[in-house]
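Quick note, the sequences are listed as chains A and B, same order.
Each residue of the first sequence is one higher than the one before, starting from 1050 at the first, in the numbering used here.
Each residue of the second sequence is one higher than the one before, starting from 3 at the first, in the numbering used here.
Stretch-level coverage of chain A by chain B, calculated; a stretch enters the list once three of its residues show a Cβ under 8 Å from a Cβ in chain B:
#1 1073 to 1081
#2 1132 to 1140
#3 1246 to 1253
With a straight-line cut-off of 25 Å between C-alpha atoms, the simulated BS3-like cross-links for lysine-lysine are:
#4 Lys1133(A) - Lys1173(A)
#5 Lys72(B) - Lys1248(A)
#6 Lys255(B) - Lys1248(A)
#7 Lys1081(A) - Lys72(B)
Okay, the calculated bits of chain B under chain A, using three or more residues with CB under 8 Å as the criterion:
#8 60 to 68
#9 81 to 95
What the hints contain is simulated information worked out from the structure, not anything from laboratory work.
Glycine is no exception: its CB is placed at the ideal position from the N, C-alpha and C atoms.
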Amino acid sequence: MFKDAEDVIKGLEKIKYIASKEIATTVYLALKLEKPVLVEGPAGVGKTELAKSIAAALNIDLIRMQCYEGLDESKALYEWEYAKQLLYTQILKDKLSEIMGSEKTLKGAIAKLTSTEDVFFSEKFLIPRPILKSITSNKRCVLLIDEIDKSDSEFEAFLLEVLSDFQVTIPELGTFKTNVKPFVFLTSNSAREMSDALKRRCLHLYIDYPTLELEEKIVSLKVPDGNQKLIRQIVETIQRIRNLQLKKEPSISETLDWAKALVVLGYQDLDPKIAMETLNFILKYEKDIQLVISQAKEVFIN
Amino acid sequence: MKKIYSLSYLRQKRFSLTDMDKNSKSFISGKLFEFIEILRDANVAISVDEIITLFSAVTEVDLNDKAVFKQTLKTSLVKDYTDIPIFDKCFEEYFANRKHFFDKITEEDLKNFANNRNNNLINEINSQLEKYIDSLDSNILIQKSADDILRMFLDDLPESNSSGGGEGIGLFRSKGGEIGSYYSESDGSEFSQNNSEYLLSIIRNMLKLRVTRRNIGNAIKSREDFLLNRFIYQLTAQEIKEMREIVNRFGQKLKNRISLRKKRVKHGGIDIKRTFRTNLQYGGVPFKLFFKTKKIDRPQLVVMVDVSRSVNQYSRFMLLLTYTLQSLFSKVRSFAFISNMVEITDLFKEMDPERAINSMFTDVNFTYGWGSNYGRCFDQFIENHSDALTRKTSVLVLGDARNNSNDPGLNSFQKIYDKSKNLFWLNPDKKHLWDWNDSIASLYNHFCNEMKEVNNFIDLSEFIDKLFIDIK
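Here chain A stands alone, though its shape is the one from the complex (with noise of 0.2 Å):
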């Protein structure tokens, strides 16, 4: 467990994460109140990142969701595998008559059958999804249910029972409880509205684009083989960028990419020319590269 959230941001940058402080208290507080955090933030910026580096920072298990529309609770939760049951059934039919066969009444049929009963109920037929997975390892835990804007809003209700208190009641086997919450993570991208009742279980963390200094920091971190003045002004010319109206702005990811394609073109320095013909790497719309190469003079000024 971390001590603070200094120590959160030295934890993650062991694991090549930088952590802005708020993204680090956050965090902090979320494992020490274990209370669930509904990530927001634009795509790219290293959402479902930070879930994952947490769970390798703190060496613990990450468990993922990845939830889409129709997502149900055989998939998200457990699922009972009536076939192998029915089959073991089957199989095992023989065994049973030569077990009843001692018997002579009903009644004394019955009451072996009975002791026996959890043969046929029993964890052995049941396939566990990843929320039941999260409830019955009893070790501490990260659970990323990731891109929950994505589900229906039947889902998310179910979902809000499960994270107000772990706890999951397969009708056959019983009530399955945890001791060791874990750590609940959930990204959204606003493809639309989480309801209230979820929000207000939740700390609410939105991860905008970094600052000059944060975004410089993590490509030195990524792109160890790039040197320092190339990414300085990468990460100056990918901000302006991002103040132009665009339909879709570069991310941290698409920084990435385009200082890696830079350092393996072998370029030392930024100039223009080359911006604008690898363009294409940090803008995915047309429109949007017409736009930036129309503005270059104010863009690129390295």
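For this one, chain A is given, so just place chain B on it according to the hints.
Same frame as chain A, now just chain B:
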């Protein structure tokens, strides 16, 4: 345990009699509550859950680090990222100008604050309050002040307490006397007095939040009713902004209903091929059945909005609605026109409605000559965008059919009618004004499945609701 705190408290009291006049614990919580009120005044929704989170969070962090303190407040109070700028502003206003907030407080105070906080207690008081307020007549809430209600609450406590209230409430058991002197006599120490004062300040603040929230809630409700029934073309720009949320909610409801309808008709007949194939692994015993899914078409919609001046407010609102529809359903194409037909689907995809609508009115070139020209626009639509029309498309035209004596373009309009499944026209004019002056409503009406007078939100939502639910 208790003894130690009271000792340290007394010690402090002796050392800095003047400075420590304020009880540091209630001082901090008081400040926090004050800040919460400020946020709420700025329209940030904060519920009791959030407050409880904040109070348990504050004690876990180093309050002397401003960045950490700020993020602690932000992460526990602000749940909607669009509120973050408001929060930042409030925080700067409130805390940046008060350097003393951090200076005055010593380690000791923080420790005291941390140790005396009792979440269970706050929780319990909270639920008691909730029950109590629910039991009150709603008129009382509006008429009485928070302090009055607090007094009533405290007076009523001992009775309800006997059925098991808990130690916290017990502090207020000694009934009678004024607020502020409620403390347990048997303990007698200065500490417990301060403690109960602290609790009282928390209760008072919680009650205040609660009462104002209820009143605000009532106010919002009647405001919504007012907005819903108002003539759309009389809405001011400000009111349209307010309606954004209502429109959004309406859209979400609609979507939920559609997905529910989808679920109900999920099953078709058995998919023989798939069932056989899958069950081969079980020796041909059909363990798993597969059904054919009945396909339900996603609503396909083409919306054309007249944005000319004669319907300016109306069209702003309609654009807002169009925006909502488009963000909810993938197969919606939006067009706006005055005398040129312009597709605005992409514009809406890129920007939030406010910005999109504003940029539309400034950037895009709608006008060619004077005023709206329906005929010309329908011609253009058939010429350039007829790919938007399929057998499954419903077309919505929003406008007043005032064609400024231009060619009505009936040929093209009929083509639109022929090529689409439904063609509806929503007219903001009252029915008796149709065909009046330069309106040629009934001329178009001839080719519509229906032309409907729609001038407030309730009519409109009913219409759209019906439209989507009836699509089969």
